[in-house]
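A.B. asks: Here is how the chains run, residue by residue.
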Amino acid sequence: MKLLLEDICHSYGQLQVLKNINLEVPDRKIVCLVGPSGCGKSTLLRIIGGLEKPISGNVIQVGSPPKDSINPLTYVFQDFALLPWRSVEGNISLVLEDHGIRHHQAEEIIADVLERTKLSDFRKALPKQLSGGMKQRVAIARALAVKPAAMLLDEPLSALDSQTKELLMDDLISLWSRQPFTAVYVTHNLHEAVRLGHSIVVLSRRPGKIREIVNISKPLQERELGDVELEKYQKHLWNLMRDEAISADKELLDV
Amino acid sequence: MSEVTQQGESKLVAFKGGGFVTRKIKWVGPAVFIVLIAFMEWGTRVGFISSLTLPRPSDVFGTFVDLWNTGLLWKHIIPSFTRLGVGAFLGVIVGTAVGISIGLFSYVRAGLVPLVAAIFPIPKIALLPLFVIWFGIDEASKYALIALGTFTPTVVATYGAVDNVDRTLIRMGQSFGLSWRSIVFKIVLPGAMPGILSGLRVSLAIAIILLVAAEMLGAEFGIGAYILEAGSLFDLERLFAGVTILSLLGVVISALVGFTENRLLGWRT
Numbered sequence: 022m023k024l025l026l027e028d029i030c031h032s033y034g035q036l037q038v039l040k041n042i043n044l045e046v047p048d049r050k051i052v053c054l055v056g057p058s059g060c061g062k063s064t065l066l067r068i069i070g071g072l073e074k075p076i077s078g079n080v081i082q083v084g085s086p087p088k089d090s091i092n093p094l095t096y097v098f099q100d101f102a103l104l105p106w107r108s109v110e111g112n113i114s115l116v117l118e119d120h121g122i123r124h125h126q127a128e129e130i131i132a133d134v135l136e137r138t139k140l141s142d143f144r145k146a147l148p149k150q151l152s153g154g155m156k157q158r159v160a161i162a163r164a165l166a167v168k169p170a171a172m173l174l175d176e177p178l179s180a181l182d183s184q185t186k187e188l189l190m191d192d193l194i195s196l197w198s199r200q201p202f203t204a205v206y207v208t209h210n211l212h213e214a215v216r217l218g219h220s221i222v223v224l225s226r227r228p229g230k231i232r233e234i235v236n237i238s239k240p241l242q243e244r245e246l247g248d249v250e251l252e253k254y255q256k257h258l259w260n261l262m263r264d265e266a267i268s269a270d271k272e273l274l275d276v
Numbered sequence: 006m007s008e009v010t011q012q013g014e015s016k017l018v019a020f021k022g023g024g025f026v027t028r029k030i031k032w033v034g035p036a037v038f039i040v041l042i043a044f045m046e047w048g049t050r051v052g053f054i055s056s057l058t059l060p061r062p063s064d065v066f067g068t069f070v071d072l073w074n075t076g077l078l079w080k081h082i083i084p085s086f087t088r089l090g091v092g093a094f095l096g097v098i099v100g101t102a103v104g105i106s107i108g109l110f111s112y113v114r115a116g117l118v119p120l121v122a123a124i125f126p127i128p129k130i131a132l133l134p135l136f137v138i139w140f141g142i143d144e145a146s147k148y149a150l151i152a153l154g155t156f157t158p159t160v161v162a163t164y165g166a167v168d169n170v171d172r173t174l175i176r177m178g179q180s181f182g183l184s185w186r187s188i189v190f191k192i193v194l195p196g197a198m199p200g201i202l203s204g205l206r207v208s209l210a211i212a213i214i215l216l217v218a219a220e221m222l223g224a225e226f227g228i229g230a231y232i233l234e235a236g237s238l239f240d241l242e243r244l245f246a247g248v249t250i251l252s253l254l255g256v257v258i259s260a261l262v263g264f265t266e267n268r269l270l271g272w273r274t
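Top line first, the protein sequences correspond to chains A and B.
Just so you know, we're using my numbering here: the first sequence kicks off at 22 and counts up by one.
Just so you know, we're using my numbering here: the second sequence kicks off at 6 and counts up by one.
Because the hints were derived from the structure by calculation, they are not lab data.
Treat the hints with care, since some could be wrong.
Unchecked claim - What follows is a set of in silico ranges between Cβ atoms, one per label pair, in the way DEER data are often shown: (1) A/Lys271 <-> B/Lys31: 52 to 60 Å; (2) A/Ser183 <-> B/Gly263: 40 to 48 Å; (3) B/Ala115 <-> A/Lys88: 19 to 27 Å; (4) B/Ser184 <-> A/Asp28: 47 to 55 Å; (5) A/Lys145 <-> B/Val248: 34 to 42 Å; (6) B/Ala115 <-> A/Asn210: 41 to 49 Å; (7) B/Arg50 <-> A/Ala146: 58 to 66 Å; (8) B/Ser111 <-> A/Gln242: 47 to 55 Å; (9) B/Val118 <-> A/Ser198: 51 to 59 Å; (10) B/Ala115 <-> A/Glu45: 39 to 47 Å; (11) B/Val37 <-> A/Lys145: 39 to 47 Å; (12) B/Gly48 <-> A/Lys145: 51 to 59 Å; (13) B/Ser203 <-> A/Lys145: 44 to 52 Å.
Beta carbons are placed, not taken as given, at the ideal position from N, Cα and C, and that holds for glycine.
Next comes chain B alone, as it looks inside the complex:
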């Protein structure tokens, strides 16, 4: 018997895989952008892509340089940033506060969760005329639109995060006789921070989307107004220049949130 098994074929045990582990590869991200833009540039120069379908990337860049040189860039960016900043700040602050109250108080949860679920799917853009009536055509209605748009995702992310805080930690706080305030500020809030910050990524991206919507009515300057004007004139170069600014803004905000996460959440394994 044993001879048979020994004489039998011998072969290497095949490697079956490492469990879908992801690796960090830095250069691929930029490379994708470069290849895509280079393809668009080549296609429009050769005539393979007509200039009506896509603007030439170098022309878009030229438009961007014009914007810079004429000083119009800042004239558009500053009001947009103010709207984004004020609106998102209001939405995030109020949203976090409401989210935490939902997480902590059963009555608030029972009362507000259905309400938030009802508000969440409403396209906030549809409410712009209403906000104009309520808050006037000036800045206030734009702030309100962006604030409402960031409010709902922040609430949902925050109370989910509070629910996920380890209950043993709270029980520990109670067993050591910590006050309710201390438990909330020293245990619940820091414990919910990872969830709140990942919610922030989503709500800030929504804020950028709504910025364009907010500038549809009664805005002379602003990136959104610039894009909408270019769009209605079918000026693709300017349209793309504006869109590029928004994309860059998204990348910057995401990087800022990432930086905050690294600073605040270094304790995570």
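If we strip away everything but chain A, and leave its shape as in the complex, we get:
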């Protein structure tokens, strides 16, 4: 299933945040959205996920999602959004219960996603007992449990320290290699973008417009920390963004 964004415009009151966004998210590819702070990238992701309604324009799913997909468009939040009163498995079963998946069937899915995210030993743990990286793993496991046709990741690694970030990036890459999924990945971290993105969409400062789309053909599995080719891409992205980031930083917020 691929996603098509058609001429999306959005504004909050007088403030225009997104202008004429046209974008294609190809099947089983990771598209990264980068841009200076306040450029509307998270808003765009919420619009794609149906959590916010654009003023004009449409998001279209092209092709039907796989039959076994429980929740075709699934979100991963920056601050994990785990229920603190439910254990790891409880947090995953939460999203299955409502779709009528219980007992044996749920058990199978939970065991599978916990194994894939290396969490099998932490089934009964409460979120408060887990580190930030582990919490985000649980959130990713929960997202995988509903077999999404597309994953929408909103700065999923931004709340983590840099070592944990590297580890989780490796995990995401191995998850994708094992079973490619479609994803839109919002980040302000260019390093993450060049590691994980098949294509990187650079948004300009408010109102957010697509400034450039950078495609990186190197397979995800072959991208490594300190890769010279990736560094070049990263530098190019930074050059695109620098001036805008400076003026974005100086802007007064009138919200």
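Following the hints, position chain B against chain A.
C.D. replies: Chain B in isolation, oriented as in the chain A frame:
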């Protein structure tokens, strides 16, 4: 230059404090009670405090033993507990339900928040005669008084607690396609539980206060009736015995709520 700095006076960096951290000290609480009671006992025995000002703690205890021996204690406690239980139960259940609806529905909020704000400051004791007319002099008017008194603080605490539930969690539920019902019962309610329980502490204490008020009219037995009767006779020993029962009741209820909090809210950090 460097020599000067090296020759200069050297001293320890002074500790500036740990940020007003509180410690748990168990024995001080009981000790305060013991010292206070011992002082009252000593003062009344020596004559430093006249028996008109304060009853002697040992006499109060004697009255209490009398109450126990004659079986009057249970005769007073049982009806009081029933009134407290039924009234507070009604007030808390309805109050929680209304509080949650205020938290969830904009129309209910717009309509009821001003109404609750209008009812809250009314001294419920003043309404007792009205309740007697509405519900009769028997138990029903007492239940109603206690129920109304617990209702308003419960509503306010509950909708505040619902408002404080992390919005990202609700958005998470929506993004995973959970039904409205599931979001309310699996996300909003457990998330609001800490606030609801701390509201319960306040409303149950108010219920005990109102118990005495409710027994002002048409009650032969009950701790409140006992205290009021002793008060009108200036029988300080009996007055204090009754008041002590109410204090103990408050401590027990607070401990029960604390126990429930530990059981239900173990997930909190």
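A.B. asks: Would you mind marking each hint as holding or not holding in the structure?
C.D. replies: Hints versus structure:
no. : hint                              : verdict
1   : A/Lys271 <-> B/Lys31: 52 to 60 Å  : 56 Å, holds
2   : A/Ser183 <-> B/Gly263: 40 to 48 Å : 42 Å, holds
3   : B/Ala115 <-> A/Lys88: 19 to 27 Å  : 45 Å, violated
4   : B/Ser184 <-> A/Asp28: 47 to 55 Å  : 33 Å, violated
5   : A/Lys145 <-> B/Val248: 34 to 42 Å : 48 Å, violated
6   : B/Ala115 <-> A/Asn210: 41 to 49 Å : 43 Å, holds
7   : B/Arg50 <-> A/Ala146: 58 to 66 Å  : 60 Å, holds
8   : B/Ser111 <-> A/Gln242: 47 to 55 Å : 51 Å, holds
9   : B/Val118 <-> A/Ser198: 51 to 59 Å : 54 Å, holds
10  : B/Ala115 <-> A/Glu45: 39 to 47 Å  : 44 Å, holds
11  : B/Val37 <-> A/Lys145: 39 to 47 Å  : 42 Å, holds
12  : B/Gly48 <-> A/Lys145: 51 to 59 Å  : 58 Å, holds
13  : B/Ser203 <-> A/Lys145: 44 to 52 Å : 28 Å, violated
In summary, the numbered hints that this structure violates are 3, 4, 5 and 13.
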